[in-house]
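**Student:** Take the sequences, apply the hints, and build the full model.
Number of protein chains: 2
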Amino acid sequence: MENLDRLALHSITTKPWDLEIAVRMYREAGVRGISIWREAYEHRGAEKAKKLVQSVGLHVVSLVRGGFFVHPEPDERRLRIEKNIELIREASVLGAPHIVLVCGAHRNVHIDEARQQVEEGIASIVPYAEKEGVRLAIEPLHPMYAGDRSVINTLSEALDLCDVLRSTYLGVAVDVYHVWWDPALMGQIARAGASSRLFAFHVCDWKTPLDDMLEDRGLMGEGCIDIPRIRAAIDRAGFKGMIEVEIFSRRYWALDQNVWLSKIIEAYRTYV
Amino acid sequence: MENLDRLALHSITTKPWDLEIAVRMYREAGVRGISIWREAYEHRGAEKAKKLVQSVGLHVVSLVRGGFFVHPEPDERRLRIEKNIELIREASVLGAPHIVLVCGAHRNVHIDEARQQVEEGIASIVPYAEKEGVRLAIEPLHPMYAGDRSVINTLSEALDLCDVLRSTYLGVAVDVYHVWWDPALMGQIARAGASSRLFAFHVCDWKTPLDDMLEDRGLMGEGCIDIPRIRAAIDRAGFKGMIEVEIFSRRYWALDQNVWLSKIIEAYRTYV
Chain S
1 MENLDRLALH SITTKPWDLE IAVRMYREAG VRGISIWREA YEHRGAEKAK
51 KLVQSVGLHV VSLVRGGFFV HPEPDERRLR IEKNIELIRE ASVLGAPHIV
101 LVCGAHRNVH IDEARQQVEE GIASIVPYAE KEGVRLAIEP LHPMYAGDRS
151 VINTLSEALD LCDVLRSTYL GVAVDVYHVW WDPALMGQIA RAGASSRLFA
201 FHVCDWKTPL DDMLEDRGLM GEGCIDIPRI RAAIDRAGFK GMIEVEIFSR
251 RYWALDQNVW LSKIIEAYRT YV
Chain R
273 MENLDRLALH SITTKPWDLE IAVRMYREAG VRGISIWREA YEHRGAEKAK
323 KLVQSVGLHV VSLVRGGFFV HPEPDERRLR IEKNIELIRE ASVLGAPHIV
373 LVCGAHRNVH IDEARQQVEE GIASIVPYAE KEGVRLAIEP LHPMYAGDRS
423 VINTLSEALD LCDVLRSTYL GVAVDVYHVW WDPALMGQIA RAGASSRLFA
473 FHVCDWKTPL DDMLEDRGLM GEGCIDIPRI RAAIDRAGFK GMIEVEIFSR
523 RYWALDQNVW LSKIIEAYRT YV
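For the protein sequence lines, the chains are S and R, in the order given. Per the numbering used here, the first sequence runs over residues 1 to 272. Per the numbering used here, the second sequence runs over residues 273 to 544.
Just so you know, the hints here were simulated from the structure itself, not pulled from any lab data.
Only pairs whose alpha carbons sit at most 20 Å apart, straight line, appear in this in silico SDA-like list of lysine to any residue:
hint	chain 1	residue 1	chain 2	residue 2
1	S	Lys131	S	Thr168
2	S	Lys207	R	Glu487
3	S	Lys207	R	His382
4	S	Lys207	R	Leu482
5	S	Lys50	S	Pro97
6	R	Lys479	S	Glu113
7	R	Lys322	R	Glu358
8	S	Lys207	R	Asp384
9	R	Lys287	R	Ile537
10	S	Lys207	R	Val381
11	S	Lys50	S	Ile21
12	R	Lys479	S	His71
13	S	Lys207	R	Asn380
14	R	Lys479	S	Asp211
15	R	Lys479	S	Pro72
16	R	Lys479	S	Leu214
17	S	Lys207	R	His343
18	R	Lys287	R	Met485
19	S	Lys83	S	Glu119
20	R	Lys479	S	Leu210
21	R	Lys479	S	Val109
22	S	Lys207	R	Met485
23	S	Lys207	R	Leu486
24	S	Lys207	R	Asp484
25	R	Lys479	S	His110
**Tutor:** Here you go:
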């Protein structure tokens, strides 16, 4: 049985709860960290959100999420880069050591061009990240999102980007949901560890069938991902950070969130 | 404008039509080939289906689909191998030069074990394929199907399998829907050509968003796949076969199938 010392939740996982309730409930349940989604703090501001989280003693694991660099219009791309720079400042205020980057995709931007735009976007914000001391975790997204959410679809691609852009503030977030199918996964996790690029580890599960490509993620143990095996590779790669539960699920958001939280904790103890 | 000399349709693309109607309509519309789904012939038998297709002078491009090798029970796996051997005989009767293999996946079989089962399954049927002179085209399926349909998810994996199993009767079917997102695609298409493994080329399009992971494929031109670019790579790799339109779509199956067929032909001329 896993203890809860490394358990963190993404605020989106309990979306129906306001941040103020969420942090209290997490703490009472023994959760140690939180990854804060923009949607959870933007109406009250990063300063107040920071105080809320501090008041219960939760670790801030990450700010979720920046990126979205791909767009056909250069003006819009510039706006998005500015938005990312603003997020870097907010991460600094929140005390979040890194921002998760969902790199972006757009139906009207060719995938090769989109990958170029991502590289340019990240290159543009790296100096600000270095200045603020906030790291950037590129999260490869499942290839089923290559048309509308992210054109960075494997851990290998994400690490290649880090190699090209070089900053030590650049690394990856490994989410089992996005990468579990990849035959190259084990080797790429080792590569991420060896190059000190392994910034974050997210867990959930892959149900079959999926009722929805976006909001039907499974709870650990109810799908076909071998989480312990991936976790073991993450451990071997030297990762010592929090293990983050990130689940988007209309089905679970419809539950009493206290019941949902206790299910998460049980599943974490049993299946991670 | 592309002429129709190389245009073939999968019978499933016009699912509401019985094979007898389908072959007549295809021929009248100028389609030159057909890939026959089992569901389209099994009630009348391969002999009669062959005569139907011959009567209108369509080329049989492939039998769709064998495979599905993955299962937790050894007895069930043996049954599936026997079914594939039966399909090889039917392909021979139909005059189909190859069978498309959807390799299989199962929620209760670990993905690594499943990949091993696929290798064993294909190895078991290769001798029968060689004996009957029927080729086997491994179709890598999009990673979103890794939990329930196929654990072979990239062209690279499919070609690795061919390398391991060695038979010249073993090759790949490249479907743009499954592989378009893959940053290694161009190189792997060249590899398939160079090793004489490029047996089939399927086209359709990837819509964003998808309403359904299975039955919401797009018509060429309505999604984000750069088909001409992939087609050019396929041409450069030396592929001279038919170009097959394979579209599962509840939306299009609900149309008058004559209207649908004319849309397909227009899209083929314009976007392939």
